[in-house]
Amino acid sequence: MTVEPASSAGLEAAFLENRDKLLRFLRARGAGEAAEDIVQEVWLKISASRPGPVASPLSYLFRTADLLMIDRFRSTRQADVRDRDWTEVNAGDPPGVSAEPSAERRIAAAQEAATVLALLDGLGARAAKIFRRHRIEGAAQKVVAAEMGISLSTVESDLRVAYRALAEWKERSK
Amino acid sequence: MANDMASDNVIRDEALGWTVRVGDPAFADWEAFTLWLEADPAHARAYDEVAASVADAAQLVVAVAPANDDLKPDEADEAPPRRRRPWLASAIAASLAVVAGFWAFQGQQRDFYTVETALGETRRVTLDADTHIELAGGTAVRFDRKDKRYAQLDHGQALFTVRHDAAHPFEVTVGKERLVDIGTVFDVRHDAQGLSVAVSEGAVQFDPDGADVRVSPGEVLRRAAGAGEYTLTRLPAEQVGEWREGRLTFESASLEDVAAQLKRATGIEYVASPGGSGTVSGSILVAPLRKDPASLGALLGLSVRSENGHWVIGSR
Chain U
1 MTVEPASSAG LEAAFLENRD KLLRFLRARG AGEAAEDIVQ EVWLKISASR PGPVASPLSY
61 LFRTADLLMI DRFRSTRQAD VRDRDWTEVN AGDPPGVSAE PSAERRIAAA QEAATVLALL
121 DGLGARAAKI FRRHRIEGAA QKVVAAEMGI SLSTVESDLR VAYRALAEWK ERSK
Chain A
1 MANDMASDNV IRDEALGWTV RVGDPAFADW EAFTLWLEAD PAHARAYDEV AASVADAAQL
61 VVAVAPANDD LKPDEADEAP PRRRRPWLAS AIAASLAVVA GFWAFQGQQR DFYTVETALG
121 ETRRVTLDAD THIELAGGTA VRFDRKDKRY AQLDHGQALF TVRHDAAHPF EVTVGKERLV
181 DIGTVFDVRH DAQGLSVAVS EGAVQFDPDG ADVRVSPGEV LRRAAGAGEY TLTRLPAEQV
241 GEWREGRLTF ESASLEDVAA QLKRATGIEY VASPGGSGTV SGSILVAPLR KDPASLGALL
301 GLSVRSENGH WVIGSR
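Residue numbers (the numbering used here), protein chains in the order written: chain U, 1 to 174; chain A, 1 to 316.
Because the hints were derived from the structure by calculation, they are not lab data. The beta-carbon is built from N, C-alpha and C at its ideal position, and this holds for glycine as well. Be careful, since some hints might not be right.
Stated by the list, open to error - In silico lysine to aspartate or glutamate, EDC-like type, Cα no more than 16 Å apart, as pairs:
#  : chain 1 : residue 1 : chain 2 : residue 2
1  : A       : Lys176    : A       : Asp191
2  : U       : Lys21     : A       : Asp29
3  : A       : Lys263    : A       : Asp292
4  : U       : Lys170    : A       : Asp56
5  : U       : Lys142    : A       : Asp24
6  : U       : Lys21     : A       : Glu14
7  : U       : Lys142    : A       : Glu201
8  : A       : Lys148    : A       : Asp128
9  : U       : Lys45     : U       : Glu33
10 : A       : Lys176    : A       : Asp207
11 : U       : Lys21     : A       : Asp128
12 : U       : Lys170    : A       : Glu38
13 : U       : Lys170    : U       : Asp37
14 : A       : Lys176    : A       : Asp212
Unchecked claim - Some chain U residues well away from chain A (every beta-carbon gap over 10 Å; in silico):
#  : residue
15 : Arg24
16 : Glu33
17 : Ile46
18 : Asp71
19 : Phe73
20 : Arg77
21 : Ala79
22 : Leu123
23 : Ala162
With the rest of the complex left out, here is chain A (with noise of 0.2 Å):
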């Protein structure tokens, strides 16, 4: 009975949720919206209880609005714009010290599970209804049990989609380094070429305890393996995790970098030629790839060669 009231009063708020971001004219993720009624028939009964009495009571408010349109104007108005910016300051300053206790707090008693791909695979993992992590292939991702706003990323790429509590930012570990969400879509990539870290919707906050790098819509941050330097350059937003779609680009990239790549994306033996140098730009879809690997070569302006087993790219 205790377990059924708390399971209610679970699905209740998440209900509450729901209803506020889909009630908002932007709202856009109806297929996040689909997966939580999906998870249990009792979220659409508990999603129509509160969406139909906010319904109810602004039709009712409506029926009387004018009578009660001037009401109170000056204690609504209270808020001086001015103040808007020493104020979200402080409340990012709050959400980062709040993340410093917590991580010291859980750090001994994490429950870790592992979720990994193989290359060429690809793999969506539902934390929440608004927080879900798309792998890519050859990845392994660490989630905690007892913390959803928590994943370690210990090889691979992965896209991030969080819902932003600024009272629990969502953390992502890479290697011995941190990041905190101060928004929602970013992907990360952690292989033997280094780290990136590129953001379409919202910030990420990367290393807030020692660089403390800010990265916002349309930048990915680099960082080559045994580097202790950062770059942050532009991408277009959409380039952001269109490996989803089959998708890779390539700006200026080294031939290890394209190679990783695209063998983490079709699990082909794509390697470097060694001792070969040289940089690659393009965009391409990897599924002819699947039927025809060497058919890179034209699609990159690469030399490829098939040799025991693997395809070894070079420049041309």
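In isolation and in its complexed conformation, chain U is listed as follows (with noise of 0.2 Å):
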């Protein structure tokens, strides 16, 4: 009787029954054709790594495969850019050699977390606190209202303008 091996065929077994909730999910997600490739996905990593006890295995898969999908959008978005700036810098030259880490990239990088912090902090010490303590840390946003004695619509709300400003920023730098 080990609670590790249980827990995770748990996790299977749950994949097993919701394989169709999910794949319904990636289609609305926008997985289009690919859906079924990133269930796969999902499945391989749940057997790999194994998680410990989880608290409720149907959130965990739905957030593996979300996870997934924004780390799609974003290394394509990400290659878009480079495919841009690669051009406009580099036009005529051989594709793949813009994908090395430059030294200007890593310059360019520490400008955007100096960008990015700034615009944190212009937003109030109370709001870039819940962002640091949510989404860097990681702690529930209920915990994070425990925390600071605020309401958790207060921490809702202050997340929300947090995200609006930096999805602006984001597009800024498009």
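Assembly of the complex is requested from the two constituent chains, each provided in isolation within its own frame, with the hints serving as guidance.
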């Protein structure tokens, strides 16, 4: 009687039971024809990572699928920006070279980080702290609210404000 | 063009809300999220834009985090914990005041439409991405085309799962009574037997202008038809809305109450035996009753007889 295999088996059982729900979610999520492949990726992830006891297996599966989709979007978007920048600077050169992390790119990343920090601080100390506790340190919104002695809806609305600012920041840098 | 821009903004706002909610480790309503995504392909795109921007930013901040760890700790911690309660209390008071104002303003110009279910049927009405109402059989609910934070239960039973917004609480009117949500999931029943409000998550303020009773999770407020008095009793939270899964649980219920609930759930003409007395306790699945209405007798320890197309139930 050990917990570890049992919980992982629970996750795998939940996967098999809810495969169709996950597929439907991924299609709605914009995966299109890749939905089947991504469901497969979710399976590989859960069978490879063997997470500890999971409170809600179904939620865990959906979250894994959602994060995979966000990552796909991020890498496509990054590749688009890279291709465009690269074409502007190096028209005519062979493809692939621009993926090298150059000194310029590292400096650009540091500058971007400074911009994000300034932007978050500009929203006020409370919103900046909420963002840090929740998004960087992974505290649940309820926990952040209790720690700071504020309501959950204040936490939510501060996060909304921060996310809006970050989405606009990304749009500007397109 | 202007309309496109306006709808883009609406979608962006909704996407922001979803990114906040889905991003919380406690988030569980993936079904509602799927429904929102399915409503329009632009939703997934907008959600990706926001979620990816936040993930990009978080990654950048993590990369430089050590240098900024003790960023202005004094300012960030300025709210002392002991102020929590008064603040919450005044927030609730303020939100109720807003409701009163809204009510007075909107009273004359509601634009109603009615959703009705047949006996034995259930139906789900989605008002927004996080707000849906499940109607039990034999139920009529009026909604307002202009106000998605309002519903009126004319008769029957419905389970409300609503997005909480302190600035604009969801309201349900039942007969002359008004319910204001301070939370999320609650079941309302209004029939010949009376009125009941059961809460499984969050809280509901019952009749804020009069009795002003707060119904908390795991509590049910009941009032018999024609009576002025309320009772507030405990109820296992998982029983709230269990009719959606085809289960009904009775605790010291009258025969009339049992007959009415069974009729709503199955469409079968159950009636209480005239002059029948006694109370009924027990939990049953309704599906087998559709095949054999008389099997109710064995399940709940009642007598059941068929009479002129009715199934008359009485105590044994």
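Hints and how they fare:
{"no.": "1", "hint": "A:Lys176 x A:Asp191", "verdict": "holds (13 Å)"}
{"no.": "2", "hint": "U:Lys21 x A:Asp29", "verdict": "holds (13 Å)"}
{"no.": "3", "hint": "A:Lys263 x A:Asp292", "verdict": "holds (14 Å)"}
{"no.": "4", "hint": "U:Lys170 x A:Asp56", "verdict": "holds (9 Å)"}
{"no.": "5", "hint": "U:Lys142 x A:Asp24", "verdict": "holds (9 Å)"}
{"no.": "6", "hint": "U:Lys21 x A:Glu14", "verdict": "violated (22 Å)"}
{"no.": "7", "hint": "U:Lys142 x A:Glu201", "verdict": "holds (15 Å)"}
{"no.": "8", "hint": "A:Lys148 x A:Asp128", "verdict": "holds (8 Å)"}
{"no.": "9", "hint": "U:Lys45 x U:Glu33", "verdict": "violated (20 Å)"}
{"no.": "10", "hint": "A:Lys176 x A:Asp207", "verdict": "holds (9 Å)"}
{"no.": "11", "hint": "U:Lys21 x A:Asp128", "verdict": "violated (21 Å)"}
{"no.": "12", "hint": "U:Lys170 x A:Glu38", "verdict": "violated (25 Å)"}
{"no.": "13", "hint": "U:Lys170 x U:Asp37", "verdict": "violated (29 Å)"}
{"no.": "14", "hint": "A:Lys176 x A:Asp212", "verdict": "holds (14 Å)"}
{"no.": "15", "hint": "Arg24", "verdict": "violated (6 Å)"}
{"no.": "16", "hint": "Glu33", "verdict": "holds (14 Å)"}
{"no.": "17", "hint": "Ile46", "verdict": "holds (16 Å)"}
{"no.": "18", "hint": "Asp71", "verdict": "violated (8 Å)"}
{"no.": "19", "hint": "Phe73", "verdict": "violated (4 Å)"}
{"no.": "20", "hint": "Arg77", "verdict": "violated (6 Å)"}
{"no.": "21", "hint": "Ala79", "verdict": "holds (13 Å)"}
{"no.": "22", "hint": "Leu123", "verdict": "holds (12 Å)"}
{"no.": "23", "hint": "Ala162", "verdict": "violated (8 Å)"}
Checked against the numbered hints given earlier, this structure breaks hints 6, 9, 11, 12, 13, 15, 18, 19, 20, 23; the rest are met.
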